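Since chain W is already given, all that's left is putting chain A on it; use the hints.
2 protein chains.
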Amino acid sequence: MVSDELKTLIQLLSKLPGLGPRSGKRVALHLLQNRTTTLSALEGSLGEVRIKVKDCTTCGNLDSQDPCALCQDPRRDSSIICVVESVADLWALERTASFKGHYHVLGGVLSAMDGIGPEDIRLSSLLKRCHTGGVHEIILALNATVEGQTTSHYVTERLKDMGINHISSLARGVPVGGELDYLDEGTLSAALLSRRGV
Amino acid sequence: MVSDELKTLIQLLSKLPGLGPRSGKRVALHLLQNRTTTLSALEGSLGEVRIKVKDCTTCGNLDSQDPCALCQDPRRDSSIICVVESVADLWALERTASFKGHYHVLGGVLSAMDGIGPEDIRLSSLLKRCHTGGVHEIILALNATVEGQTTSHYVTERLKDMGINHISSLARGVPVGGELDYLDEGTLSAALLSRRGV
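Those sequence lines, one after another, are chains W and A. Numbering of the first sequence is given in this note's numbering, commencing with residue 98 and proceeding in unit increments. Numbering of the second sequence is given in this note's numbering, commencing with residue 98 and proceeding in unit increments.
The following block holds chain W by itself, in its conformation from the complex (with noise of 0.2 Å):
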């Protein structure tokens, strides 16, 4: 019934986080609807990017420079590095404009269970960084999940052993309008434990 060609568009469409079978249709359906607006530009767009769009090979991040722009940017502190797991965590932490440091893209988690080991993601060239040296401080941003924070244990013992000891990690507590009730226990006593006064 639909042709081979809008088969494949649709199965392609489907398997994007976030769309399913049916609304991988809808936006099939919506691209031949505005062929010029939509489906062109979004073909324009991807070619772009697969072309343009580059890993920073210092920090990992995309962009179309290398290095990108942050590692580029002279007002940034290159002394502290942010380590974090996702090009969409160092996005997130620029949206709070609140670091001026620099960052490096781990580019996922160490994980027994998917089998991946510290050669899999961009840990040695975090070491190497901090080896060519200028590097004072480093911040461990990786996600609070078991993954993430047997991530964190493995990156602090290396990075120990390379006699740097200016090692954090991001704070545990009650997040800004979170109510006590929902939150679970682990939080809850971490924000206990770092209890501050007032």
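These aren't lab readings, by the way, just hints derived from the structure by calculation. Any given hint could be a false lead.
[Stated by the list, open to error] Derived SDA-like pairs (lysine to any residue); straight-line CA-CA distance at most 25 Å:
| id | chain 1 | residue 1 | chain 2 | residue 2 |
| --- | --- | --- | --- | --- |
| 1 | W | Lys-225 | W | Ser-161 |
| 2 | A | Lys-151 | A | Gln-130 |
| 3 | W | Lys-104 | A | Ser-195 |
| 4 | A | Lys-112 | W | Gln-108 |
| 5 | W | Lys-112 | A | Lys-104 |
[As the list claims (entries may be wrong)] Some chain A residues judged to face chain W by a derived CB distance under 7 Å, without partners named:
| id | residue |
| --- | --- |
| 6 | Ser-100 |
| 7 | Leu-106 |
| 8 | Pro-114 |
| 9 | Gly-115 |
| 10 | Ser-120 |
| 11 | Leu-143 |
| 12 | Gly-144 |
| 13 | Arg-147 |
| 14 | Leu-277 |
| 15 | Asp-278 |
The structure presented is a predicted model; accordingly, all values stated were derived computationally and were not measured. By construction, the Cβ of each residue, glycine as well, lies at the ideal position given by its N, Cα and C atoms.
Frame of chain W; chain A shown alone:
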């Protein structure tokens, strides 16, 4: 922070139906993390679809052939035409596998609000198909919305003017698995009026 190419891609993705700014970013990052399997594949597929998939000049269905596979199928009864608003509706009816006639996709419904008149939808080609002869029955399978029903009435008048009198519309009633308590009054009273002997 984000390069222009990537910004454009995120903007285009965010405007797709069912996606927003946040899921647009997520999809863009997913595409960049799977360059060959997803980004290039999607780019290629969009190009294929753009070049090959066209509106069927007979019925308005989307296909790589013209007339489309449905119009060409000798097993289908060309004397019955089912009129639908969109290709999505055609697909929905095809999924039921209970209709073996031909289709006609209007590509929209009459709407004074949006300034869509009879010349903006595929109505003249429907009348031409009926005029050529061989069409004995028209099923109006338009949505049960105000615009859908207005369009149904208008199309009915025009078809009757041409001497086509065997015109029907989809039955209204309780959907399969539907609970009366959750049904709107309009559907319930329609189901009562069209009650059937058991």
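Hints breached by this structure: 2, 14 and 15
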